[in-house]
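Peer 1: Heads up: the sequence lines are chains A and V, in that order.
For the first sequence, the working numbering gives the first residue as 1, with consecutive numbering after it.
For the second sequence, the working numbering gives the first residue as 1, with consecutive numbering after it.
If you're looking for bench data, these hints aren't it; they were derived computationally from the structure.
All residues carry an ideal CB built from backbone N, CA and C; glycine is no exception.
There could be a bad hint or two in this list.
Stated by the list, open to error - With the C-beta cut set under 10 Å, the calculated list includes, among others, these residues of chain A facing chain V:
| id | residue |
| --- | --- |
| 1 | Tyr281 |
| 2 | Val321 |
| 3 | Val326 |
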Amino acid sequence: MANLVVSSVCNRSCVYCFTTDQRRLAGEPFLPLPLFEERLEFLTRSDIREARLLGGEPTLHPRFGELVDLARAAGKAVVVFTNGLMPDEALTRLASLAPGECTVMVNVTAPDEGGASGAFERQRATMRRLGERALPGFTLYRPGLALDFLLRLVADTGCQRAIRLGMAHPCLSGSNRYLHPGRYRAVAVEIVRFARVAADEGITLHLDCGFVRCIFADADLQRLRDAGVDAGWHCNPILDVDISGNVIHCFPLAGLGSLPLTAQSEAGALRRAFEATTGIYRQAGVFRECSNCHFKAAGECPGGCLAATIRRFRHTPFRLVLPRGVAA
Amino acid sequence: MMDRPPQVYRSVPGIAWVKDAELTLIVQHEEGRSWALRGLEAAIWDLLTLSYSFPRLVDAVALLAGCEPGEAAEIVMALLQEWEEQGIVCAGEGSEGG
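Please construct the entire structure, taking both the sequences and the accompanying hints into account.
Peer 2: Structure below.
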């Protein structure tokens, strides 16, 4: 898996957006087509069959349709990460693809959180046009968010009968609103309840990266399995390739550094390089208990989001003055 | 004759640390090195990060280790020298002020 940033421009300003650090590094607003072709060659060289387009808002790319055409010509299935507020031309192009060739992950705004912008209504209209190509996603940035509207959204739009739930992770700079690990357990309780309601309607949940095994009690974990929830505990180098050709571990860790994409770059080697760089931090986790947790020791859980883990580290320098007569 | 300036131990620039339930993990990102401190070592590191003065640090270590202040001072000095060899702290001259 690797994601290609094709636009640093976005038409939303979500409080939890974790692209802030990465977008500070962006040069051009949109990825030129010749560079997109080089990105596709990188995917092919890495035996990656999906072209995963993201931004900013990727569909704002003025030549978005041509990006899709190039990806299809290279034999890639197209995956688009969007807020659903896309130009009609982009929507028409995506809707023309066969469902097996295209998945559009629509990160949905709760109806009561979109303000007066009517964002939710527009997202719903986009999903109706896309039908089963659309997969709704929702970002949990605090406990207490009402989720049941997502079930009605699935029923209304004819999209895939699945919902992708992600936790809002911090940028290393901490400039976005994110779900603090201290609130994970409260959110876990809500997910378990929601999973059961969703399963009753034939809708399954997919949990995105950064969830932690221990936030679910054993009985709740069984309830998730019974509800068919795709729950995994993972935090790996996703590999996001930005417009300038910098490869980063993932958006939240953009501040940790990047590697250049070259004509020889291959995803496996890049991933291993990031794993080597970040390995020292992996000994810890998002909780104080992670470093001696048996789930972590057994490799079942990596200890949650690495960006949240690294934000626990302190850097404040200290000094100790020795009294005269005490030799250093 | 001028007095020599006091000896000072400082944390090495570029290191970061996190205090976990049973250990303190110290990392140096640039060199990809890490150290796990446990027990009394972790406690001494914690007190250093809280800006304890040397006399207060020795008193605390004496309490934690159940020993006399003189022995506690030796423990602290031995640990600081060990950390200096490992590259976690560095020794130098400095002022007593700040």
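Peer 1: Double-check tyrosine 281 of chain A for me: the hint is only fine if its C-beta lies closer than 10 Å to a C-beta in chain V.
Peer 2: holds (6 Å)
Peer 1: Do the numbers back the hint for valine 326 of chain A, that is, is its least Cβ distance to chain V under 10 Å?
Peer 2: holds (7 Å)
Peer 1: Under 10 Å is the threshold here; is the Cβ of valine 321 of chain A close enough to any Cβ of chain V for the hint to stand?
Peer 2: holds (5 Å)
The structure is consistent with each of the numbered hints, conforming to all of them.
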